[in-house]
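Please construct the entire structure, taking both the sequences and the accompanying hints into account.
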Amino acid sequence: MTVLTRTRPVSVADQKTRAKRRSKPRNERMTVGRWFVWALLLAGGLVMFFPVYWVFVTAISPGGLAQSAGFSLWPRRINLDIFAQAFRAQPVGTWMVNSLIISVSSVLISVFISLLAGYAFAKYRFRGRDALFGLMLMTIMVPIQVIVVPEFVIISKLGLVNSNWSVILPSAAQAISIFMAKQFLTAIPDELIEAARVDGTSELKIFLRIVLPMSGPLIAVLTILTFVWRWNDFVWPLVALQTANKFTVSVGLNSLNGAYAHPWDQVMAVTLISMVPVIIVFLIFQKQFVQGIAESGLK
Amino acid sequence: MPSLDATAPSGGGAGIVQGQSVKTRSGALSRGGGPRMRRRRVPLLAPWAFITPSLLLFAVFAFAPIAVAVVLSFQDVQLFGGGTFVGLDNYQAMLTKPLFWTSVKNTVVFTLGTVPTSAGLGLLLAILLNRKLPGRGVIRSLYFLPMVVSGVAVSLVMVWIFNEDNGIVNAFLQAIGAPRVSWLSSPHWAMVTVVIAVVWGRIGFCMVTYLAAVQSINPALLEAAEIDGAGPWRRFTSIIWPLLSPTTYLLIVLNIVFSLQAFDIIYVMTGGGPGFSTTVLVQYIFRSAFTDGNMGYASAIGVFLVAVLLALTVVRNRLARRTDDLS
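The listed protein sequences correspond, in order, to chains A and B.
Residue numbers 1 to 299, in this note's numbering, belong to the letters of the first sequence in order.
Residue numbers 1 to 327, in this note's numbering, belong to the letters of the second sequence in order.
A few of these clues could be false.
With beta-carbon atoms standing in for the labels, derived distance ranges [unchecked claim]:
hint: 1; chain 1: B; residue 1: E223; chain 2: A; residue 2: L42; range: 21 to 31 Å
hint: 2; chain 1: B; residue 1: D89; chain 2: A; residue 2: N245; range: 39 to 49 Å
hint: 3; chain 1: B; residue 1: R131; chain 2: A; residue 2: L158; range: 38 to 48 Å
hint: 4; chain 1: A; residue 1: S156; chain 2: B; residue 2: G87; range: 23 to 33 Å
Honestly, the hints are just simulated from the structure, not real lab data.
Just so we're clear, the structure is a prediction, and the values are computed from it rather than from any experiment.
Beta carbons: idealized from backbone N, C-alpha and C, even for Gly.
Shown next as C-alpha cells:
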C-alpha cells in the first residue's frame with residue numbers, strides 16, 4: 001500500500017537525456033506573445049517573493065514602514081541596529097541555538113534509522129512486513145492535534161517535558177522518510193547484497209559498507225527535507241516546550257504575536273532571522289529539495 | 001548508482017509465489033523470489049534489528065498515543081484527569097453541537113478555497129515555466145521559495161501585510177482609489193485572508209509535482225502534434241491535460257489532506273476567529289482539548305477526522321492503482 005504520490009519522479013539521468021533532446025532548437029524564438037507570458041510570470045514571481053521582501057524591508061525601516069502616511073514600497077531611512085535590538089529584547093539567540101540543536105539531532109537520528117528501516121522493508125522478506133509498513137504509513141494521516149494530549153502524557157511520564165529531547169524523539173521516526181528510503185533502496189541490485197552474503201559478510205556490514213555508500217542522493221534529500229520540516233515544526237514544540245529559554249524559534253516567534261506588545265519592525269526582524277537558515281539551505285540545495293518534494297508528495 | 005526513482009514495484013509484496021516465476025505489474029520478473037534465493041540462508045533477525053529503532057519510536061510516540069486517543073473518545077475526561085466510560089456520548093455530543101457543524105462548514109469552505117486554486121495555479125505555472133525562457137531558473141525559485149517558510153513566519157508576515165491600518169495591501173487599495181478592507185476582523189474576509197496565506201505557501205508544491213509530470217511527457221508527441229498544425233491550446237487540451245490527469249487526481253487528494261490538517265497558519269493568524277469564522281476541524285480539536293479541557297470530546301472529533309482522512313487514502317490508492325494499470 002502506498003499512501004503518497006508516485007508521480008513519475010524525474011531521475012537525474014532522465015533529466016540529462018531530456019536536456020540533450022531539448023537543446024535541439026525547437027522553435028525557441030522569443031515572440032511578442034512569449035515576452036508577454038514571460039513578463040506575467042516574472043510579475044507573479046515578484047508577487048510571490050513580496051512577503052519575504054516585506055519582512056526584510058519592514059525589519060530595516062525605523063517604525064516598521066507603517067503605511068498610515070501613504071503608500072511606499074521601500075524605506076526612506078534604514079536602521080540595521082534593529083537586529084541587535086531584537087537579540088537584546090528577546091532570547092532570539094537561545095531560540096536559534098535550540099532550533100539548531102533540535103533540527104540537527106533530528107536529521108542525524110531520523111536519516112539513519114529511516115535508512116535502516118527502509119533497507120529492511122526494501123530488501124528482506126519477513127512475516128508481517130507489509131502490514132507493518134502499511135501501519136507506519138497510516139500514521140501520516142493522523143493530525144498531530146489528535147494525539148497531542150496522549151503524547152504529552154507519555155513525554156511527561158518519560159520526564160522529558162520542556163527538554164530538547166521532548167521535541168527530537170517523537171518526530172524522529174518519520175513514515176515518509178522510511179517510505180522514500182524504501183523506494184530508493186529497492187533499486188540496489190540484489191546481486192551485490194547476495195555476493196557479499198556468500199562471502200560471509202554480516203548483514204550489518206553489508207548495510208554499512210555496500211548500501212550506505214550507494215545512498216548518497218537519498219541521504220542528501222532526506223537530510224534537507226528533515227532539516228526544513230523540523231526547523232519549521234510548530235504545534236508539538238508549542239505544547240512540549242514551556243519556558244522561553246527552551247523555545248524553538250517558531251514557538252518563540254509565535255510568542256511575539258499580538259501586535260500591541262511588540263513593534264512590527266522588531267517582530268519582522270525576528271521573523272527574518274528565523275527564516276535565514278532554511279532559506280540558505282533552500283538556495284544551496286534547491287535541486288535536491290525540489291526533487292525530494294516531487295517524490296515524497298509532502299511539502 | 002540507483003536513482004531516486006520509484007520505478008520498482010513498491011509495497012504490497014509483489015505477489016511472489018515460491019518456485020514459480022511470477023510477473024509483477026510492471027512486467028519484469030520478480031527478483032529474489034525465484035528458486036535461486038531459496039538455497040541461500042535467509043536472514044531472519046537482521047530485518048527486525050534494522051527496523052527496531054524506528055519501530056520502537058513509532059510504538060511509543062505514534063501507535064500508543066493513537067490507541068489512547070481512540071480510547072479517550074469513549075470517555076468523559078477532563079484535562080489530564082482520570083476518565084469514565086460514557087460509550088458513544090462524545091460522538092453524539094459532536095453531532096448535535098452547532099460549533100461542530102460550523103467547523104465542518106469552515107473546513108469545507110477552506111478546502112474549496114485552497115485546493116482548486118493552488119492546484120490550478122501550480123498547473124499553469126508548471127506548463128509556462130517548462131518552456132525555455134530567459135531567467136527561468138530564477139523565476140521558478142521565486143515560486144518555490146515560500147515552501148521553506150514556516151507557517152508561523154508566513155502568518156506573521158501576512159498579518160502585517162493585511163493589517164487594516166498600517167498594512168501595505170490596504171495602503172495600496174487606497175492609493176488606487178479602492179475601499180480599504182477589514183481583512184482580519186470581518187468574518188468573511190478573515191477566511192479569504194487565511195486562504196491567500198495558505199495558497200501562497202502551497203503553489204510551489206503543486207508546481208513541483210506538475211513540473212515532474214510535465215517533464216515526463218514525451219516531447220516527440222508534442223512535436224508531432226505541432227507539425228500536424230495543433231496550436232498551443234489544442235496541444236494542451238488534447239495531449240498534456242489528459243496525460244496529466246493522474247497527477248491532477250493525486251494532487252487534489254493530497255491537497256485535500258493538507259487542507260484538512262492545516263493548523264499553523266490559522267492558529268497564528270486568526271486563532272479561529274473572529275467569532276468562529278475560521279475555526280476548522282483541527283482548530284476545533286485543539287480548542288476543545290486545551291481551551292475547554294475536554295479531552296474525550298476532542299478525541300472523538302479527532303477520530304472522526306482521521307476516518308475521513310483514511311477514506312481519502314483509500315480513494316488515493318485506488319487512483320494510484322489505476323495509474324499503474326494505465327502506464
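**Request:** Using the beta carbons of R131/B and L158/A, state whether their distance is inside 38 to 48 Å or not.
**Result:** violated, 54 Å
**Message:** Quick check: does the Cβ-Cβ distance between E223/B and L42/A fall within 21 to 31 Å?
**Reply:** Holds, at about 27 Å.
**Request:** Go ahead and decide if the range 39 to 49 Å is satisfied by the Cβ distance of D89/B to N245/A.
**Result:** Cβ of D89/B to Cβ of N245/A: about 42 Å, so the range 39 to 49 Å holds.
**Message:** Can you tell me whether the CB distance of S156/A to G87/B sits inside 23 to 33 Å?
**Reply:** holds, 28 Å
In this structure, the one hint that does not hold is number 3.
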